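Line order of the protein sequences matches chains A and B.
Counting in the UniProt record's numbering, the first sequence runs from 1 upward without gaps.
Counting in the UniProt record's numbering, the second sequence runs from 1 upward without gaps.
Heads up, none of these hints are tricks.
Which copy? The list can't say, so a pair holds if one copy fits it or any two copies do.
Keeping only pairs whose Cα atoms sit at most 25 Å apart, straight-line, the calculated DSS-like set for lysine-lysine is:
| hint | residue 1 | residue 2 |
| --- | --- | --- |
| 1 | LYS109 | LYS56 |
| 2 | LYS192 | LYS49 |
| 3 | LYS109 | LYS119 |
| 4 | LYS56 | LYS146 |
| 5 | LYS131 | LYS49 |
| 6 | LYS158 | LYS65 |
| 7 | LYS49 | LYS146 |
Keep in mind that the hints were calculated from the coordinates and are not lab data.
This one's a predicted model, so the numbers in the text were calculated from it and none came from an experiment.
Protein chains: 2
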Amino acid sequence: MGTSSSEIKLLGTAASPFVNRVQFVLSLKSIEYEYIDENLACKSELLLKSNPVYQKVPVLIHENKPPLPESLIIIEYLDEIYPDVHPILPSDPLIRADNRFWANYIDTKVFPLYEELRKTPEKEGKEAIKKQIMEVSQLLEEAFLKFSDGKPYFGGDKIGYLDVVLGCFLGWTKFVEKHNEFMIFDEVKTPKLLEWTKRIWSHEALKDAIPGSETLMNFYMMLMKYKPPRAA
Amino acid sequence: MGTSSSEIKLLGTAASPFVNRVQFVLSLKSIEYEYIDENLACKSELLLKSNPVYQKVPVLIHENKPPLPESLIIIEYLDEIYPDVHPILPSDPLIRADNRFWANYIDTKVFPLYEELRKTPEKEGKEAIKKQIMEVSQLLEEAFLKFSDGKPYFGGDKIGYLDVVLGCFLGWTKFVEKHNEFMIFDEVKTPKLLEWTKRIWSHEALKDAIPGSETLMNFYMMLMKYKPPRAA
Numbered sequence: 001m002g003t004s005s006s007e008i009k010l011l012g013t014a015a016s017p018f019v020n021r022v023q024f025v026l027s028l029k030s031i032e033y034e035y036i037d038e039n040l041a042c043k044s045e046l047l048l049k050s051n052p053v054y055q056k057v058p059v060l061i062h063e064n065k066p067p068l069p070e071s072l073i074i075i076e077y078l079d080e081i082y083p084d085v086h087p088i089l090p091s092d093p094l095i096r097a098d099n100r101f102w103a104n105y106i107d108t109k110v111f112p113l114y115e116e117l118r119k120t121p122e123k124e125g126k127e128a129i130k131k132q133i134m135e136v137s138q139l140l141e142e143a144f145l146k147f148s149d150g151k152p153y154f155g156g157d158k159i160g161y162l163d164v165v166l167g168c169f170l171g172w173t174k175f176v177e178k179h180n181e182f183m184i185f186d187e188v189k190t191p192k193l194l195e196w197t198k199r200i201w202s203h204e205a206l207k208d209a210i211p212g213s214e215t216l217m218n219f220y221m222m223l224m225k226y227k228p229p230r231a232a
Numbered sequence: 001m002g003t004s005s006s007e008i009k010l011l012g013t014a015a016s017p018f019v020n021r022v023q024f025v026l027s028l029k030s031i032e033y034e035y036i037d038e039n040l041a042c043k044s045e046l047l048l049k050s051n052p053v054y055q056k057v058p059v060l061i062h063e064n065k066p067p068l069p070e071s072l073i074i075i076e077y078l079d080e081i082y083p084d085v086h087p088i089l090p091s092d093p094l095i096r097a098d099n100r101f102w103a104n105y106i107d108t109k110v111f112p113l114y115e116e117l118r119k120t121p122e123k124e125g126k127e128a129i130k131k132q133i134m135e136v137s138q139l140l141e142e143a144f145l146k147f148s149d150g151k152p153y154f155g156g157d158k159i160g161y162l163d164v165v166l167g168c169f170l171g172w173t174k175f176v177e178k179h180n181e182f183m184i185f186d187e188v189k190t191p192k193l194l195e196w197t198k199r200i201w202s203h204e205a206l207k208d209a210i211p212g213s214e215t216l217m218n219f220y221m222m223l224m225k226y227k228p229p230r231a232a
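Just need the whole structure built from these sequences, with the hints factored in.
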């Protein structure tokens with residue numbers, strides 16, 4: 001079932017939820033690949049050459065084709081070239097479009113709020129961001145109710161696009177909850193999403209993709225110290 | 001060739017390049033639709049209900065299905081449900097993925113710089129943003145050379161996804177050039193893109209979609225005065 005490892009290379013770093021998404025999909029689709037670990041504090045020539053615009057991971061390199069950056073774009077690409085094993089995007093065009101809408105929402109609203117919380121030093125500022133995060137969680141609960149329609153996942157009976165997209169933030173979600181002493185998903189505001197987090201957290205393919213809390217802590221401390229180099 | 005006008009409704013406002021994109025694709029695909037003009041200073045119940053998350057145009061309503069916001073997502077949807085007349089996205093999965101990458105780049109880098117220029121009052125700040133805009137234009141020139149490969153459009157011989165995505169910014173591009181006294185596309189830095197702007201500017205379907213400079217000026221003045229209401 002697996003594909004030869006020479007065909008697919010993934011440039012990544014263990015604690016990136018964006019990299020983890022791609023790993024999650026590769027695992028769900030039983031695609032073998034070569035993982036190339038990047039040190040973001042000292043980026044490789046291969047990364048700079050493969051993603052000159054953003055210089056970020058993940059980057060997927062498929063055979064001798066031009067390298068492909070951006071997690072959501074990589075996932076759609078993998079789903080298009082390996083459609084038979086575990087399809088990720090829904091087949092209905094409108095539901096697929098709605099999945100893309102919420103994936104964009106998660107990337108442009110949810111994770112940036114975690115980042116903002118990390119970068120805000122004052123208690124008052126942090127409290128305002130926590131409030132926003134909890135409002136966003138309630139919107140996500142509504143989206144989950146709509147997509148899952150009584151079934152276990154956003155994708156219905158099987159893990160789908162939004163399960164991958166949001167699921168790979170769960171390591172960071174737990175981390176942010178612990179270090180800021182509040183609950184992003186709880187039994188009152190987001191009862192169904194809370195069940196979903198437990199369900200997807202115990203999924204084998206996600207366990208493979210998401211790093212342990214120690215890796216996240218090391219990465220977090222590195223981020224706190226890291227100053228990005230000026231763009232060329 | 002056209003589709004019955006009752007099937008598709010588009011909520012829009014004339015000077016929005018994001019709305020214009022959808023109109024451009026509807027025109028290229030000869031899809032009839034009902035256009036519903038939104039006053040952004042006093043949004044309709046229909047818009048608030050159709051796009052509760054962002055409360056923005058465009059929104060596409062297809063038959064009795066749930067409304068669909070976000071121009072890039074709408075374009076992909078239209079291309080999926082009407083694949084036969086004038087396909088917009090390339091058929092090769094990697095080139096399609098690369099098109100999505102550059103569309104995201106245009107939306108997250110190019111247009112926000114125009115907005116930043118508008119919102120920055122000081123001359124020094126404006127000069128720094130102009131420099132960034134010209135650097136971005138050079139990257140777009142390189143992307144154009146890659147995708148067009150000697151042919152007239154990003155899409156090759158026919159107008160494709162990136163022609164639509166970037167082409168609908170041309171009204172704003174000309175407007176920004178005129179009011180800030182500099183050239184975003186010129187013969188020295190971006191000779192091929194300059195030719196492309198003239199070529200696509202004279203395309204019938206784009207003329208239909210892009211408003212005249214007076215409409216843009218009115219919209220621009222409205223934006224300068226407009227304060228968004230607090231989100232609910």
